[in-house]
Amino acid sequence: MKKINFFYRNVIKMEIFKTGRMWDLAIFIVFFALTVYYLDRASKGKPLPKIRSIAALEAIREGVGRGVEIRKPVHYSFGPTGAVVSGADVSQTVASLGILQYTAGLCARLGARLIFHLPNQPFAIPLLEGAVDEAYLQEGRTEAFDKQRDLRFYGTGSMVFASAMASSFMDDGVALNILVGRQTTIIYPALEAAKIQGAINIGGTARWTAMYIFALTCDYIFIGEEIYAAGAKVTDNPYMTASIAAEENMKYIFLAILILGLILTAVGLDIPALFKI
Amino acid sequence: MLIQDQIGLVVSAIMIVSQLSLIVGDNFFFRWSTRVVIGFSVMHALIWGIYWSNRYAVQPIMKGELVWIIPFVLGLMMYTRLTKKWAWVSKYPMGLQLGVGFGVVVVSMIRSQILDQIKMTIVDLLGASSPYALLNAVLVFIGSITVTTFFFFTKEHTGLLGKSAYLGRAFIMCSIAVIWAGDYIWAMSMLAGQLQFLIRDFLFGLVLGGA
Amino acid sequence: MVEGKKESIWDKMGSIDYRIIYAVFIVMLSIPIFSPLGIPMKVSQPVQDYYNAIVNLPPDSAILVHSFVDLSVWADTGPILIATWKTIWDIAEEKNIKIIAYTSLSDGALKMSDLLLDEIKPPQWRADSYGETWVDLGYIPVVNEPVQASFAADITSVAATDGHIYDVGSEWVGTPLLDIPVVKDIAARGGDPNVINVYDFDLYIWGSWGCTSPDQWVRQFWTTGNPLYELPMVMMTIGNCVPNVMPYYGADKPILGFVPGSAGAAGLELLCGHKGEGIVMADIGDLAGIATVFFLILGNVSYWGKRLFEKEER
Amino acid sequence: MSTLLRKDLPTLLIAVLGFAIVAEWFLPIAALSGFKTYLGVCVEIIYRTSIGIGTVYAFTSEYAQWRRNRTLQQTLISGSMFAMFGIMTIVVIFYGGTESVYSAEYRWFQYNIYQPQSQAMYAVMFLFQCGSLYRVCRARSMETTVLLVAGGAFILSSIPLFASFIPGVVELGTFVSEGPSLGGTRPANMSAAIGAIIVGLRSLLGKEQATMETGSG
Chain A
1 MKKINFFYRN VIKMEIFKTG RMWDLAIFIV FFALTVYYLD RASKGKPLPK
51 IRSIAALEAI REGVGRGVEI RKPVHYSFGP TGAVVSGADV SQTVASLGIL
101 QYTAGLCARL GARLIFHLPN QPFAIPLLEG AVDEAYLQEG RTEAFDKQRD
151 LRFYGTGSMV FASAMASSFM DDGVALNILV GRQTTIIYPA LEAAKIQGAI
201 NIGGTARWTA MYIFALTCDY IFIGEEIYAA GAKVTDNPYM TASIAAEENM
251 KYIFLAILIL GLILTAVGLD IPALFKI
Chain B
1001 MLIQDQIGLV VSAIMIVSQL SLIVGDNFFF RWSTRVVIGF SVMHALIWGI
1051 YWSNRYAVQP IMKGELVWII PFVLGLMMYT RLTKKWAWVS KYPMGLQLGV
1101 GFGVVVVSMI RSQILDQIKM TIVDLLGASS PYALLNAVLV FIGSITVTTF
1151 FFFTKEHTGL LGKSAYLGRA FIMCSIAVIW AGDYIWAMSM LAGQLQFLIR
1201 DFLFGLVLGG A
Chain C
2001 MVEGKKESIW DKMGSIDYRI IYAVFIVMLS IPIFSPLGIP MKVSQPVQDY
2051 YNAIVNLPPD SAILVHSFVD LSVWADTGPI LIATWKTIWD IAEEKNIKII
2101 AYTSLSDGAL KMSDLLLDEI KPPQWRADSY GETWVDLGYI PVVNEPVQAS
2151 FAADITSVAA TDGHIYDVGS EWVGTPLLDI PVVKDIAARG GDPNVINVYD
2201 FDLYIWGSWG CTSPDQWVRQ FWTTGNPLYE LPMVMMTIGN CVPNVMPYYG
2251 ADKPILGFVP GSAGAAGLEL LCGHKGEGIV MADIGDLAGI ATVFFLILGN
2301 VSYWGKRLFE KEER
Chain D
3001 MSTLLRKDLP TLLIAVLGFA IVAEWFLPIA ALSGFKTYLG VCVEIIYRTS
3051 IGIGTVYAFT SEYAQWRRNR TLQQTLISGS MFAMFGIMTI VVIFYGGTES
3101 VYSAEYRWFQ YNIYQPQSQA MYAVMFLFQC GSLYRVCRAR SMETTVLLVA
3151 GGAFILSSIP LFASFIPGVV ELGTFVSEGP SLGGTRPANM SAAIGAIIVG
3201 LRSLLGKEQA TMETGSG
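Residue numbers (this note's numbering), protein chains in the order written: chain A, 1 to 277; chain B, 1001 to 1211; chain C, 2001 to 2314; chain D, 3001 to 3217.
These aren't lab readings, by the way, just hints derived from the structure by calculation.
Where hints are given, some of them may not hold.
Within a straight-line C-alpha distance of at most 20 Å, the following computed DMTMM-like cross-link-like pairs (lysine to aspartate or glutamate) qualify [said to hold, decoys possible]:
hint : chain 1 : residue 1 : chain 2 : residue 2
1    : B       : K1085     : A       : E62
2    : A       : K251      : B       : E1156
3    : C       : K2253     : B       : D1124
4    : C       : K2121     : C       : E2093
5    : C       : K2095     : C       : E2119
6    : A       : K72       : B       : D1026
Please put together the full structure from these sequences, using the hints given.
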């Protein structure tokens, strides 16, 4: 069957945009328009869809409460290389920051001690430290967080991070251990160590490779991109909810592209070549 | 064998055994060996950090490439985070990094992680050369749809969506299982490597075989 | 369970002390170290493709090699790197393959300098023609994505000079990149002769044990560029990244072949004919495999036994 | 003035740089491409320069730990960490400043302390995984059954003993990873990419709470 290729030939002559980026641009514009539309709705106070309940978020509240009861600290970590700020995984950092602020806020309010294991990336420390500060400030208890004692840094070895966390669980005890962000599988021993100490483990990542460690060891998990939704849900900020609504619509669009593309290719249009525009 | 190599073998063996002792639970040796290695790791990071700032920023600036003063000063501005009063200054270098990050994320993922994936799903399905390839492609296609429905957040998972999301969970678990199995085999060879070291190099090579 | 009731056999089977499990695995993994089993191996398709991509390079090709060294996973990935370099060194002189190599981790620079003097010593003609047929840039921190992008567009932006640290070709250390003949030759191949970028190469051999790295590198080396350029790659990785590499693996896809962990390294060693640690490591895993299956069955027998036979008692 | 310097300008900086990089992606302007390359190296320099912040917290947290608990055991533990700081400083001072990273002495520490620890932790990881395998992989529910079947098939196919003697195991393992597993990985990555893009856009538009208000305290 002869494939129809006319779109491709026409567009390639345009010089205004880089060749091979037309689809990217079109999709980007749709993304942008949808986000702006929903953010606009949010700023005007129009109703937005509700985000479904995410069990792990409820568990954080319980876990912090338990920490106060049994007088053991809450541990939070982004993982050894979890705080990417200038690569594509930056979104996970941001999502985790939301959950960190939520946890820190709870700790400040209920009076639990928060131990924050800084990732191997010193370049992100100002951002992370700022998020914790902010949460404590909002609860009006800036003095409750002892930075000198509870901000931990372990150098650049990834495995050093896992064993240092395990060691910290032994030293300080652990009631609740939260690992959200761009995680790697090598944090696994730390999760098991927390479990041995009787802690509640909550974890999640959008980095698919590391998902299994949470499925095996955690009491509650954020599966894949649930962390983005969770990050939006905890803040109760309409802008955040709005962007989740935009995201849902993008998913419909991509499902449609997939199915339509399949049908059109089946009837003879060269969709894969079209994607090269 | 040189004396420093012999000492090295002993130290390595001590480090390995102390770290392996995590499996029996809380103990002094694990905590001790961890601190030793943190000590090294922190200094390692610092030394390489200085080495690279020197090579990438300081030396070029000395040679007159003044354009690198900006990132170098921004890097130094990060340290204001350690003070209370000037902490906000560190938001500028942070802003630069985040700006670059967000800029990269919003455009670069569209092609490789979305469009190309859709393209491959279609091509695999329609261009399948054998019944086996077709079966795989169909499974991937079904997975693509059901797993996407699992990630709908604004709708409760009931009815048809619930069934689709349930099937999606099965695909998700399958993917998790394979990643885990791969990791399992990999970690197994890591343990094998350690045992090999302890038995072949340390026990036979040093203790029994003599130097 | 009713209080005081005796533990049934199913309960016992289902709740073995972990320390026993650990001990069983340690013993099972130790036995082959004392006496190797020597079980024959099969070469998997991705490894075959990896090997073919390297040995079937057309004459006068240029390859970019990322020497993937991470000391923390050395036991698993070291054999791949060694087998890969041995494969590369085995390519005949007549084919005139030009090589630019680098490492992306600080550990790697140190380890590579030891390796290139000893285990993966270049053949004499390569050692004599350093700078003309191949060059090793040493450590370049190309880990983060913005830097990868810069690297793809212009290699000199992150590596201004030759920075390797071992004795082979040490007279070239510190030479600006474009003054090195081999770099000049490669730069002249495509587009602007004064810029060396990834478009000038025919194959990229690289490794990572970060499983999202395929996404990053494919983003930067396969889909970036104007005009659209597609640099074929082969990859050294670890076992658990297989699902992440799979979406990109295939003859017309970015990644032509890959070697997953020491099990894959064993296959590569068989193909290139230099037996090494990979085969030893694969051999060690056999008995532990039996233990794995045993415990999987035990856990399930316990669960189903309890469920089927203890129903009436409740 | 205060919020302008502390909040608005950094947010603006994020947006300007972010959209500049977006523009570079689509428009064939050489200057923009050069700027992007420059930014990439800038980021790298900031990374390297800022490592000292972490070092400060590594010191203070361990010191605080020791101050609260001055037992002999803790003194030994904390002491060995500070001793390592000291030893590495000496190595650096006596073996050629920062160039000492290439010295044999520095390498000795790397090969004999750092490398064995990392590898041993993976070994620990394997042992813990054996425990999980035994505990979790029981056919209790749909999820664990899939885990058992798919994971088991893949493990068997990766071990030469089974691969050589049980026919069909390799094919089964390949099928699992190329079919159903890819069916899970591909859409999960796609969904994650969509989520990531939306978070990125939200932040570029200055509506992200986590980055917007950070450090205003």
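Tested hints:
At most 20 Å may separate the alpha-carbon atoms for a hinted pair to count; B:K1085 and A:E62 exceed this at roughly 35 Å. Simply put, A:K251 and B:E1156 have alpha-carbon atoms about 16 Å apart, close enough for the 20 Å limit, and the pair holds. This hinted pair checks out: C:K2253 and B:D1124 have alpha carbons roughly 12 Å apart, not beyond 20 Å. Note on C:K2121 and C:E2093: the hinted pairing holds, with a Cα-Cα distance of about 16 Å set against a maximum of 20 Å.
Using a Cα cut-off of 20 Å, the hinted pair C:K2095 and C:E2119 is violated, with the two alpha carbons roughly 24 Å apart. A distance of roughly 16 Å separates the Cα atoms of A:K72 and B:D1026; the hinted pair therefore holds under the 20 Å criterion.
Violation of the numbered hints given earlier is confined to hints 1 and 5; the remaining hints are satisfied by the structure.
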